[in-house]
Structure formats: C-alpha cells, structure tokens
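Undergrad: Listed here are the chains, written in short residue letters.
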Amino acid sequence: MANKKKKLLQGNGACVEGAIYAGMTFYAGYPITPSTEIAEGCAKILPKLGGRFIQMEDEIASIAAIIGASITGHKAFTGTSGPGYSLMSESLGYAYMTETPIVVVNVQRGGPSTGLPTKVGQADTMQARWGTHGDYNAIAIAPSTVGECLTETIRAFNLAERFRTPVTVLLDEVMGHMREIIELPEKGDHEVFDRVKPTAKPEDFEAFEMTDNLVSPMPSYGEGYRYNVTGLTHDVHGFSTNRTDETIMKLDKLYNKIEHFKDEIFKSRVELVDDADVIFISYGTVSRAALQAMQIARKAGAKVGSIQLYTIWPFDYEMIKRATKNCKKVIVAEMNMGQICHEVQKVLDPSIKLETVQRYDGEIITPMELLEKLEEVL
Amino acid sequence: MATTEKQKSDITHKYLRPQKSFPSVWCPGCGNGIVMGAFVRVVDKLGYSKDEVAMVSGIGCTSRLPVYLDFNSLHTTHGRALAFATGVKFGQPKMKVVVITGDGDALAIGGNHFIHACRRNIDITCILINNHTYGMTGGQGSPTTPEDAISTTTPYGNVEKHFDPCDLAMAAGATYVARGTVTHYPQMEKIISAGLEHEGFSLIEIISNCHTYYGRLNRKGDAPAMLEQFKENAITTGKAKKMDEQELVGKYVIGKLHEDNVKSEFCCEYQKLIDHQKG
Ligand SMILES: Cc1ncc(C[n+]2csc(CCOP(=O)(O)OP(=O)(O)O)c2C)c(N)n1
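As given, the protein sequences belong to chains A and B, one line each in that order. Counting in my numbering, the first sequence runs from 1 upward without gaps. Counting in my numbering, the second sequence runs from 379 upward without gaps.
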C-alpha cells in the first residue's frame with residue numbers, strides 16, 4: 001500500500017476520479033453551481049480515455065442522454081444541483097421504471113428554487129427518496145470527506161449496475177468544493193461491478209424476466225436482443241400492460257429488488273454507542289462536525305456516540321433501533337428544517353428523547369454548535 | 379392475432395411484433411400506419427439489419443410507432459425523444475438512430491431538444507408526423523395548429539401562430555430537410571430513404587390525418603377525404619418557387635427543402651477529438 005499516488009482534490013473532482021475508476025465512459029450534463037467542476041472534469045478526462053462527454057441543452061436532456069447511453073452499454077453519469085435535480089425528476093422516474101443504471105450526483109445548495117447557489121444545504125434528502133411521482137424504491141448515499149467522494153462514487157456505480165437502478169450521490173456545496181489530499185486507488189483496490197448480461201438466446205429472452213434477485217440481465221442495444229423499453233407499466237417482455245396482476249408484479253419488482261437486498265446497500269459508521277448517553281446522528285458534511293464534537297466531549301468525560309449514515313436510502317431503521325437502544329437522547333443534526341429526524345423518530349424507543357440541530361441559513365453546522373446542544377441536553 | 383398467408387408474404391410482416399404489441403392504439407384510417415409501412419419498406423430496401431436500428435420516441439399516438447416494430451425500441455418521456463436519442467447515437471455511433479415524433483412532442487414540450495439536435499447536426503433521422511393536433515390527449519391545439527382552426531383548447535378558433543417545422547429545422551442547422559404527406563406515398567419513401575442515408579441531422583416532416591379529432595372538429599371529413607385534401611393542397615418545391623407567399627397559404631410544399639453535405643456531423647467530430655486526445 002506504500003507510495004500511492006496522492007492528489008489534492010475537491011469533492012467534485014474526487015467524484016470524477018471515482019466515476020472513472022468505476023468504469024464510467026459517458027457523461028451528459030448542464031452547468032450549475034456548485035456542481036460544475038464535475039462536468040468540467042469529465043469534459044477534460046473522458047476523450048483522453050476514449051469516453052464521451054456532452055453538454056446538453058438542459059438537465060432534462062442530460063438525464064435523458066445518460067439513460068440512452070446506459071442502454072447502449074455505457075456506465076453513465078451526470079452531476080447537478082437542486083434546480084437541475086428537480087428538472088431531472090420526470091426522467092429519473094423513467095430510469096426507475098425502465099430499470100436503467102445511472103448515477104446522478106446532486107451537490108446540494110440552499111433551496112427552495114434558485115435558493116442559495118453558492119451556499120450549503122442538505123434539504124434535498126427527501127427529494128432523493130420521493131422526487132419523482134409514483135411508487136418506487138430509491139438508493140441515495142452521502143460521503144463526508146473528499147476521499148469518500150471518490151469511494152462512494154465507485155460504490156454508487158456498483159449499486160446502480162448491481163440493482164439496475166438510478167443512484168443519487170448526495171454531496172453538498174462544502175463537500176463539493178472542499179479540498180483534501182487523497183490517495184488515488186490503484187486497480188484492484190476497490191471492487192468494480194459490471195452489469196449482468198443475458199445468456200439466453202434472443203428468441204428466449206425476456207427483457208424484464210423475474211430472477212432470484214429480481215434484477216433482470218440487461219443487454220445493450222445492438223447486441224441482438226431488440227427489446228422494448230418504455231416508461232409505461234410493462235410486462236416481463238417490456239410491453240405496456242393495464243393488467244392488475246402484471247402491474248403488481250412490476251411495482252413489487254421495483255420495490256423488492258432493493259428492499260429484499262438492502263443489507264448489500266446499507267452502510268454506516270457507528271462509534272461509541274454502547275455506553276453513550278447521547279448519540280449524534282448525521283450524514284454528509286455534518287458528520288465531520290459530529291465526529292469531532294463526540295471526540296471533544298469524550299475527552300471531557302461525557303458519554304457521547306455517533307451514527308453516520310453513508311447510505312441514506314434505503315433507510316436503515318433496524319440499525320438505528322439497535323444502536324440507540326441503550327442511550328437516553330439522540331441529536332439528529334442536518335442542514336435543513338428537519339428531514340432525516342422524522343425517519344429516526346419512527347423507530348426510536350419512546351423513552352429516548354429526540355433532539356435536533358438544524359441549520360438552513362446556508363452555513364455549515366460546526367462542532368461548537370453541536371457541543372452547545374450537547375451541554376443543553378446532558 | 380391470427381396472421382393470414384397474405385400478411386405473411388408482405389414485407390412489413392417481417393418487421394412487426396404481432397404477438398406482443400398489437401392491436402395498436404391508432405384509430406382505423408390513421409396516417410401513422412402508412413408512415414410505418416413506408417419506413418419498414420425503406421429499411422428493407424436499404425438492407426439495414428434489425429439490430430443496428432434504434433427507434434426512439436416520446437409520448438403521443440405517433441410515438442407508439444417504434445413499439446410495434448422489431449428494432450431496438452425506446453419509448454421515452456413526452457418531448458424528450460431527441461435527447462434520449464442523442465445519448466443512444468453518441469453512445470453507440472454505429473447505430474442507425476431514428477426518432478418518431480408528433481408535432482406536440484417535437485415542437486411544444488420538446489422544442490428545445492429539437493433545435494439543439496438540429497444545431498449539433500447529430501446523425502439522427504427525425505420523422506415528425508404532423509397531424510396539427512394532440513391526438514393522444516383528445517384534440518387539443520398544438521404548435522402546428524393553423525390560425526383559426528378549432529381544437530378542444532381553441533374552441534373559438536386558434537388565435538396563435540403556427541410553426542413550420544421545416545423552416546425551424548433549417549434555421550437551427552439541420553442538414554437534410556424534406557416534407558411529404560401520407561397521400562404521396564412513393565415520394566414519402568424517397569425522402570425517408572434519403573434522410574436515413576444522410577449523415578447528419580435530418581428532419582422528415584410527414585403531413586398526416588387525425589380525422590378523429592382535427593378532422594372532425596374542423597369539418598374535414600373522414601380519412602379518405604383528408605388524404606384527398608392533402609393531394610389538393612400539396613405543391614412541389616419546383617412549383618412553389620414560382621408562387622408568392624399569399625398563394626402558398628394553406629399549402630404544403632413537398633419534396634426536399636434543404637440538403638447540406640459539407641457541415642460536419644457531431645459524433646464524427648467528437649471521434650476526431652478522441653483520436654487526437656488519446657494520441
Ligand atoms: C410531461 C407530460 N405532459 C403531458 C402529457 C400528456 N400528453 C400525452 S401525449 C400528448 C400530446 C401528443 O401530441 P403529439 O405529439 O402531437 O402526438 P399525437 O398524439 O398527435 O400523435 C400529451 C400532451 C404527458 N404524457 N407528459
């Protein structure tokens with residue numbers, strides 16, 4: 001492991017490195033602060049590797065283009081921020097419905113609307129779960145260091161390909177723009193998952209066949225399978241249906257392919273919770289402050305723990321329940337008016353008090369603020 | 379659906395997906411079927427393999443067309459076909475990418491993608507079936523609904539101006555532009571064929587009948603009557619040159635309107651960039 005190549009990178013730049021490591025070969029996007037460096041990085045690197053970059057006319061076109069490219073066999077990628085993520089919503093739903101792997105990075109700013117373009121926020125957390133209409137299941141993950149921007153982007157591609165689904169990587173302005181020196185991984189350091197291709201003969205092929213893990217092998221256009229892709233509710237062959245049984249089968253497939261295998265998706269960092277009186281629960285940039293506050297408090301003799309969520313969706317209710325069972329209070333800290341705190345509340349034992357630290361003024365939550373809250377609740 | 383011997387011998391049968399996607403959503407007499415027939419005959423003549431053709435569409439009656447044919451078919455979101463198709467073509471430049479779209483799909487909700495696909499001159503053949511209305515949602519006004527025409531959202535006559543899709547495509551940078559009607563069948567095959575063979579963005583506008591809504595609301599009669607009207611109102615490009623603007627009101631100028639074989643194509647340009655950057 002000695003002498004790995006090191007590089008000073010922004011979180012946005014690390015996402016590009018991670019995507020390339022994962023085998024991404026197609027990027028389509030539209031500039032938006034604070035995510036633009038992802039597009040710029042891809043524009044620069046992709047042609048050198050034989051990959052493709054295109055600046056589309058808007059974010060609606062960007063997500064459409066990456067879905068099209070994914071169907072031709074590319075690992076496809078886009079980056080954006082709140083307003084662009086909102087524009088992508090309709091075709092994000094198309095990707096859920098057609099089970100097309102894509103990765104979307106949302107570098108969050110303050111909102112709603114144009115909001116605070118150059119400031120930080122985490123108010124798209126719920127949008128990453130419920131952003132498009134209809135019933136579906138979603139995967140969203142959140143790194144908290146520049147190094148993790150790289151590794152979590154690799155994980156995002158692996159999950160997208162493994163589950164045939166869009167994956168949202170939730171960064172925020174601070175994460176996207178902060179610079180840290182990171183080690184660049186070498187080939188073999190991280191697993192890279194490639195989508196499963198069909199082995200059936202074209203005449204026996206069912207595009208959305210039911211398999212043991214509910215994920216159907218996916219051919220690329222041009223490989224002889226000539227299947228139909230539609231956003232209409234469809235049968236196993238990919239043709240639209242109004243039948244109740246086929247509708248239930250399709251929606252259950254979309255939901256359960258994630259629900260039944262969520263242990264493969266969950267990822268969290270649980271620290272010093274066993275004896276803790278108070279536990280911080282956080283994700284993304286805020287987790288940096290939470291970990292630091294925990295360490296300071298521990299040094300001062302206070303029994304404090306921390307739960308950091310890397311996987312936000314699907315939400316790991318069981319882990320929250322387990323990890324908090326001995327504590328008296330939890331403090332959910334997030335840069336919004338309260339989103340994940342409601343998920344935590346759902347499974348918290350009634351004897352445990354839920355406290356929150358919330359900022360939605362465009363500034364980050366500092367360790368100091370968390371320590372003040374700690375003092376107040378201890 | 380049972381297939382007769384005669385159907386089996388028809389060239390179109392080779393390209394249909396009879397077991398899966400029929401009956402179609404189209405009304406009896408709809409012009410979409412005529413365009414579909416022309417398209418598969420052209421593909422057959424050109425000798426394309428089914429695997430190399432990708433057909434992309436948005437939402438609408440017209441946009442159902444790719445679903446009925448045995449190619450790689452991508453039925454997407456309303457208005458976005460050209461953006462999806464851009465991803466398919468740029469992702470796999472070897473493929474013949476064809477977009478089938480309606481006037482609402484291409485020019486209203488998809489207008490932005492339409493002009494930018496033209497501007498890039500990406501090698502996509504866009505067949506726009508213009509029935510002057512939103513057929514699927516029941517006959518509302520579209521960007522090609524003529525002035526004064528009745529639709530369910532212009533019940534007192536259309537007060538808006540309409541787009542000419544061919545003019546728009548030429549102004550935006552498309553390098554092959556032609557118009558036909560469902561009545562002028564041999565000419566339609568010719569321009570579809572030329573569009574498919576052209577390297578660059580081609581727009582083929584086909585004037586078609588929605589007798590169910592547009593025809594009924596505007597007292598244009600049934601399908602045969604509307605096809606007859608297309609015949610009466612079509613003017614060849616040669617004849618049109620000798621006519622003034624006033625004389626051309628309400629007429630369809632049919633034939634090749636524009637061809638540019640010099641302007642470079644997007645995917646080729648990007649490939650050059652890759653070759654250069656990879657060194
Ligand atoms: C985002 C969105 N808005 C509206 C619709 C409803 N809609 C479906 S088809 C259609 C119009 C289609 O008209 P056109 O493209 O002219 O095709 P036609 O049906 O006439 O062939 C509309 C408005 C939709 N599906 N999606």
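Because the hints were derived from the structure by calculation, they are not lab data. Keep in mind that the hints are not guaranteed to be accurate.
So, partial list: chain B residues that the calculated Cβ filter (under 8 Å) puts toward chain A [claimed, not checked]:
(1) Gly425
(2) Asp429
(3) His494
Residues of chain A placed beyond 12 Å of chain B at every Cβ, according to the derived structure [claimed, not checked]:
(4) Thr25
(5) Ile54
(6) Ala64
(7) Pro202
(8) Gly238
(9) His260
(10) Thr366
Only a predicted model underlies this, so the values are computations on that prediction, with no experimental measurement involved. Where a beta carbon is used, it is the ideal one built from N, C-alpha and C, also for glycine.
Undergrad: Checking against the hints above, which ones are violated?
TA: 1, 4, 5, 6, 7, 8
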